[in-house]
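A.B. asks: Listed below, chain by chain, are the residues.
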Amino acid sequence: MDTILKIDSLTKKYPSLFAVSQLSLSIDKGSVFGLLGPNGSGKTTTLGIILGVTSATSGNFSWFGKNNSSSDRKKIGALLETPNFYSYLSAKSNLKISAKIKGVDYKDIDRVAEIVNLKDRLNDKFKTYSLGMKQRLAIAAALLGKPEVLVLDEPTNGLDPQGIAEIRTVIQNISKIGVTIILASHALDEVEKVCSHVCVIKKGKSLIQGNVNDVLVGENLIEVASSEKEKLKELATTFSGFKTLKEENYYLLVTLQDSSSSIEFSKYLITNNIIITHFVKRTKSLEEFFLETTKDA
Amino acid sequence: MLDLISIEYIKLKNNSSFWIILVFYMLISFYVVGKADSLPTGSDVFANPLQFPMIWLTSTYCASFLVLFPSILIILNIGNEFKYKTAKQHVIDGLSKTTFILSKFISVCLIATIITIYVILLSLFLGWQSGGEVQDFFGEQFSFIAGFYIQLIGVLSFAFFISILFKRTGISIVVFVGYYFIEVILYYLIFEDSPIRDYLPLEVFNSLTFSPIKDNLDSFSGLSIPEFKLSLNWFSAAIGAIYIAICLSLSILIFNRRDV
Ligand SMILES: Nc1ncnc2c1ncn2[C@@H]1O[C@H](COP(=O)(O)OP(=O)(O)O)[C@@H](O)[C@H]1O
Ligand SMILES: [Mg+2]
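Line by line, the protein sequences give chains P and G. According to my numbering, the first sequence is numbered sequentially starting from 1. According to my numbering, the second sequence is numbered sequentially starting from 298.
Keep in mind that the hints were calculated from the coordinates and are not lab data. Be aware that a few hints might be false.
[As the list claims (entries may be wrong)] Chain G is nowhere near these chain P residues, computed Cβ spacing over 10 Å in every case:
no.: 1; residue: S9
no.: 2; residue: N67
no.: 3; residue: N84
no.: 4; residue: I101
no.: 5; residue: G103
no.: 6; residue: D110
no.: 7; residue: Y129
no.: 8; residue: K193
no.: 9; residue: L221
no.: 10; residue: T244
no.: 11; residue: K246
no.: 12; residue: Y250
no.: 13; residue: T255
no.: 14; residue: I275
no.: 15; residue: F279
[Unchecked claim] So the derived label-pair ranges between C-beta atoms look like this:
no.: 16; chain 1: P; residue 1: N213; chain 2: G; residue 2: G467; range: 40 to 48 Å
no.: 17; chain 1: P; residue 1: D160; chain 2: G; residue 2: R554; range: 49 to 57 Å
no.: 18; chain 1: P; residue 1: K193; chain 2: G; residue 2: I539; range: 56 to 64 Å
no.: 19; chain 1: P; residue 1: K29; chain 2: G; residue 2: I479; range: 51 to 59 Å
no.: 20; chain 1: G; residue 1: F434; chain 2: P; residue 2: S130; range: 56 to 64 Å
no.: 21; chain 1: G; residue 1: L407; chain 2: P; residue 2: N213; range: 34 to 42 Å
no.: 22; chain 1: G; residue 1: T410; chain 2: P; residue 2: P15; range: 40 to 48 Å
Just so you know, even glycine gets a beta-carbon here, dropped at the ideal spot from N, CA and C.
For reference, chain P alone in the conformation it holds in the complex:
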């Protein structure tokens, strides 16, 4: 797989704190990479560094496996923190300026406006736009010239549910056509819904990273219930792959060892002639995981 971005022990020190600390990661072509962390965890700082507007205290990064040059950024579409446009200009004039900087033909403006559903409002001044429209215009600007990579920093921040849904649809459509997306977010469900890979950061440090499914499944949990509760408990604890057991309201929450599978457990119960009324394999939700990993130690 081609690597789009490689970050190596990146550190940014401000006088009073480390905004980013020894962060390393690698992003493959075509992935939707989530940078997940609570407010103030260093997401914007990290993206600012890789986009050339913030200087790193130490560490390196490399786009497209090359030495960094400002013109490489023309192949990256980015929205950092807020949509940055001239409020007194029309949306179209604003997009013209972005197009000129990236060396993209004006013809592309209509295409990107279509994608974010702003075609009818292009001649309106930026200052008349709603927050959601501003955010969409910033995505449109980022899409100019069909970039290989899209960097989006909290693109749904401050939007109402409808606006959030619209932006997510746009992101999903873009990723379908093979654009690599780097998405910073503090909202877990957002990352869960749209990302293929994730790096959870807190206080500038990477806590865990990898494929969303690997990171998120976490533990092997099974909800199981039977009218013969005592028998079920006994059977569960004697199962060879048993790890822990917890009694919930109507069911038992059984944790199995990593090597063991839910199918084996179910077969074991059946061969022991117990009637099972409820059997669900539960993945530990990202929410629980997120709160657990990012809560203050």
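Got chain P sorted already, so can you dock chain G with the ligands onto it with the hints?
C.D. replies: Just chain G with the ligands now, kept in the frame of chain P:
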């Protein structure tokens, strides 16, 4: 390069405060130059200020007096890039920090060029209107147009440097105007007897256009006969160009060294 010019053009063309200040400047300078023949000059050389070729001295002198207006234009123009965070966005979109500063310097040149062309047209119009016997349309006095152009770029570069340094429009205007007072103090009090005073930046730029008042003052104090320079001092022009280069280089340096 052409792309950068058209970017700056889009930003200026649609900016109403740009047009208001520019038109205001044009009207006032038209009015002031037109009234120049009622100014006391105390010299026969300057008896017919609106006739060719003296009009070149008059118009550039009057127009340079009003240089605060285009300076504020520059300060607003640069301040916008920080206010709207578009300086940041331009770098994100792929301009190097140095190219960004150069693109903004295009605005300085653009505004200076528009005003200089306007002053040339204004002079031609008023000179032609004033009648009189024309000996010489473009005498050596025409060199003051070049002086005026360098002076404009110079003062605007200084305003440019201050706005890059301070980012905020309000602070930049205060510092810019404040520096005028500082330089007056330096000129008349601190460096009173020193030749250094002739090399202070605004003094150098000022010397690029004709100045009847100051030339008179100097000659009174020196008890010499008033003697007007009728053509540009090219040595001062070269010093002015050096100051422009310094303002531009410092702006590039500062902008590169800091997080946008
Ligand atoms: N220019 C700055 N000067 C000092 N501290 C900063 C600056 N920018 C950000 N920080 C601090 O760095 C930390 C990370 O901020 P940021 O990267 O914006 O986090 P996030 O985007 O994850 O919310 C925060 O504690 C923030 O206060
Ligand atoms: Mg942020």
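A.B. asks: Kindly indicate which numbered hints from before are broken by the structure, ordering the numbers from low to high.
C.D. replies: 3, 4, 5, 16, 17, 21
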